[in-house]
Amino acid sequence: MTIIAIVSQKGGSGKTTLSVNLAAAAEDAGAVALIIDTDPQATASQWGAWRAGKAPEVIDSAPPRIQAKVDAAKGQGATFIVIDTPPHADSAASRAVEVADLVMIPCRPSAFDLAAIKTTVSLVRLFDKPAYVVFTAGPPHAPRMYEEAVELVQGFGIEACPHILPDRAVYRHASAAGASVIEFEPSGKAAAEIAALHAWTAAHVNLATTGHEGV
Amino acid sequence: MSRFANLADKPKVSPKPQHKPAVPDNEEAVAATASVSTPPRSNSRAGRKAIAGYFSLEMSLAMHVCARKHGLSLQELMTEAFDDVLRKYGQSPVGG
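If you read the sequences in order, they're chains A and B.
Note that my numbering has the first sequence beginning at 18, numbered continuously upward.
Note that my numbering has the second sequence beginning at 8, numbered continuously upward.
Take the hints with a grain of salt, since some may be wrong.
Per the computed footprint, the stretches of chain A lying under chain B, defined by three or more beta-carbons under 8 Å from a beta-carbon of chain B, are [claimed, not checked]:
1) 76 to 83
2) 91 to 103
3) 111 to 125
4) 134 to 141
Derived EDC-like pairs (lysine to aspartate or glutamate); straight-line CA-CA distance at most 20 Å [said to hold, decoys possible]:
5) A:K146 with B:E65
6) B:K76 with A:D145
7) B:K17 with A:D56
8) A:K91 with B:D16
If you are wondering where the hints come from, they were derived from the structure by calculation, not from laboratory data.
For glycine and all other residues, C-beta sits at the position ideal for the given N, C-alpha and C.
With the rest of the complex left out, here is chain A:
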């Protein structure tokens, strides 16, 4: 089973968008995916409600119950769990990081947002978990800017995921329809990008669990 924690102390970084679409990509690739929503705002849960039971499902969880829910979900057949966390939530974030195989830190490629990931980086270091920054909501074509953002991230002692999720209108259209981008526009660019990110994630977790070290 693969457990991914989506953590960022910064609001508006795309945590829920990444969570629901990554889980949907896993489901599309044959996994039994589940999203655990620890955000009191319950955005992922609302998305789940709009889907009326269609997989991947979303359940809520108070931070102290995350571990028990992961164990129970595993017993009920879950093979890919994504834990969505709220910003500025140390309890939820630390519990999610604690149970995760891999931590993904969504971040807009801007100086303000990048500076804010320092706190998140210190959290993943404390638990010694493999973690990667995923650039979200930036321009699709700006190679030099992404190169600089990667350098900045490396300066914080963390690596950037080689796959980015640039800003695309389909994320908003899909969310409003209670769909993932893969369901909403299967042949679109966003669908290809999230599928590639999922494939990378799955491969990375498999590598990590067979003895390779992450961050």
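With chain A fixed as given, assemble chain B onto it according to the hints.
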């Protein structure tokens, strides 16, 4: 149909926008939902006072992580810290 609904803390969120009937005939249903989602509160706060402060994100994170690493609640960690500081200033620890 739903594989994991039994694991949720609360009943499923209703899709928005939600149609609310004007007639108050669903009071029983509302009361039933409330009784499911609101567990009886323990009385651990009776006769006690909250001590709050505003700290940096780093301090908040460090305290939560420290508590977690040592299997303590934040309350227990703060009690320990307060007792330590009382001792430091020559006063007797209170212990919670």
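List in ascending order the numbers of the hints, as given earlier, that are violated by the structure.
-> none
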